[in-house]
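> Residue numbering for the sequence shown follows the UniProt record's numbering, starting at 1 and increasing by one per position.
It should be emphasised that the hints constitute simulated quantities derived from the structure, not laboratory data.
Among the hints, erroneous ones may be present.
Below, a list of computed lysine-lysine pairs in the DSS-like style, where the Cα atoms sit at most 25 angstroms apart [claimed, not checked]:
#1 K85 / K49
#2 K49 / K30
#3 K78 / K30
#4 K42 / K78
#5 K42 / K85
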Amino acid sequence: MYLAMNRFTVTTQNAQAFEDLWLNRESNLKNMDGFVAFHMLKGPEVDGKIVYASHTEWASEDAFRSWTTSDAFRNSHKGAKQTAKLHEGTPVFEGFTAIQHIS
């Protein structure tokens with residue numbers, strides 16, 4: 001299993017617009033081979049800012065890399081530069097390969 005996360009720092013003034021953007025966007029993930037699950041996570045408010053993390057689970061790192069080079073990925077992210085004002089800086093990417101899974 002491979003986990004891909006992007007962290008976004010959002011001011012409380014932009015939090016609702018940021019959440020609305022994610023909750024109402026078209027996702028093409030379900031159509032991708034190797035896609036397992038998606039979660040948008042919201043952290044606590046600290047000093048007027050909230051950290052959000054988009055969290056996707058993939059069958060493998062190769063499946064994730066195929067997503068990032070696909071037309072579906074480009075279509076899902078086509079307006080990203082216009083919405084960058086909702087979060088500070090660029091998203092911080094973190095990728096992890098699972099070494100243990102307990103369910």
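> Now tell me, hint by hint, if it's right for this structure.
Hints, verified against the model:
For the suggested pair K85 and K49, the alpha carbons sit about 14 angstroms apart, so the restraint of at most 25 angstroms is met. Straight-line distance between C-alpha atoms of K49 and K30 comes to about 31 angstroms, which puts the hinted pair past the 25 angstroms bound. The hinted pair formed by K78 and K30 meets the criterion: a straight-line CA distance of about 18 angstroms does not exceed 25 angstroms. A distance of roughly 23 angstroms separates the Cα atoms of K42 and K78; the hinted pair therefore holds under the 25 angstroms criterion.
Distance check on the hinted pair: K42 and K85 sit about 18 angstroms apart at the alpha-carbon level, within 25 angstroms; holds.
Figure legend: structure checked against the earlier numbered hints; the only hint not met is number 2.
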